[in-house]
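As given, the protein sequences belong to chains G and B, one line each in that order.
Those letters in the first sequence? Residues 1 to 151, per the working numbering, in order.
Those letters in the second sequence? Residues 1001 to 1299, per the working numbering, in order.
One or more hints might be untrue.
[To be verified] Ranges between beta-carbon positions, derived for each pair: (1) Arg1055(B) to Arg78(G): 29 to 35 Å; (2) Arg75(G) to Ala1066(B): 40 to 46 Å; (3) Ala76(G) to Val1070(B): 27 to 33 Å; (4) Ala95(G) to Glu1274(B): 19 to 25 Å; (5) Asp1289(B) to His88(G): 54 to 60 Å.
[What the hints assert, rightly or not] Examples of chain B residues lying across from chain G (beta carbon under 10 Å, computed): (6) Arg1065; (7) Arg1086; (8) Ala1176; (9) Gly1189; (10) Arg1216; (11) Gln1222; (12) Glu1256; (13) Arg1279; (14) Leu1293.
I should point out that these hints are in silico values taken from the structure, not numbers from a laboratory.
For every residue, glycine included, the Cβ atom is placed at its ideal position computed from N, Cα and C.
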Amino acid sequence: MRNHTVRLYAAAAALLAFFVLWTTVAAKPWATAKQPAADPRLVVLAAREHRLRAETTAVKRLVAHRWKVYERRLRARRREIAAAERRHAQQVAAAQLAAQRIAAAQAVASRTLAAAAPAGSPGPSPASRVVILPPRVQVVSLPPVTSSSSS
Amino acid sequence: MTLNPVGAAPLRRHSFRAMGVTVECLVESELASDADFDGVEAEFERLEQIFSRFRDDSELSLLNRAGRAVAGRELLEVVQCALEARIRTGGRFDPTVHDALVASGYDRTFTELAPTSRAPRLARVSCGADVSVDPATRTIALGAGARLDLGGIAKGWSAERGCELLQAAGPCLVNAGGDLAVRGRPAQGVWPISVETPEGDVTLGLSDGGMATSGRDARRWQRNGRELHHLIDPATGAPAGGDVLRVTVVGADAVEAEVDAKALFLAGARAAIEEADARCLPCLLVTVDGRVLRGGGLG
């Protein structure tokens, strides 16, 4: 009785082992797993993305460099403009001074001409006539409205 | 109000104290109102708050303390004028005389200054320090230890500013303690301005531009028994010597006249007259020994 039971269990275990072995062999674990073939369009897109990212980085670097150069040149240009404005202001001041000198020199010249000319002689020809600008200041005999003194 | 030639508008007059001097405003117009004069007075107060070296919170004092500052339009312009004047006059006009003035004892407003005092002798102060102005950033940078005094040039500039405010009302004159600007001709053609000389007052008829008088006969004090005055010679850092007592100059505006008056004062009488003649710069000069000299075509 006991031997029959043992034989029955042995037969069942052998059958189970057989099926397990069968399943294992049927699965062919020694064969390499075959990868699904990649979509060529995705491959192209990935390559393009990589290229674009690289180009973007390069363009950003270039723009940053050019902006720095532009700012440097702008600062230099502004300095040049400020210097030109200062020179212009100095030239205007010098021109005003020169105009003042000319006016005074013309006044002196006209006095000299008047003193040198004999009485009754005709005046200077129109071509040589000196245009006399009124002097900025002269001694007058009017009652003063104010005074200028050291302060 | 003063009566003027027949048919002329009345001459309106207004005086007030500012910048340590009496400021006098004259307008020949019926249109001039008290508000016009009040505007000039307020403007002088505003400008004094910028240019005064005696006010701790003035823009100039802040710059002098910090050595570098972003300046307002007015301070920037006056400092630029002063630096250009320093170049033009070969250093005879110099805005960096602040420390020399203080060392001489002029360290507070003139009304607060004791007429006589004793003090330890101070080391000689050098002038002519580097000052740079960057109009783009509106920055003024003072060289090491440099401090600015804009007293005279600021008064001239303020007189011009006062005239700008008044000229809409009519021909006008602003006299800031001897620094004098005019705009427009009055009915009599010129503005008669009296200048004191030992031979009697001379009246100069100014038609346009500005006039300034610089001299050692005002703002004087004694220190350790020595008489000092406020006109510093930048070459020595001390009150100027020489044989000129006072010089009055007419220029294109009050600022230019102020600069030239100081420059001629420092030149000495003979050189001053030669320079005035060469530059056709009308001037009236009084020497310490009482001579009166005229130059620059002033008849």
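Numbered hints the structure breaks, given as an ascending list: Failing hints, ascending: 2, 3, 5, 6, 7, 11, 14.
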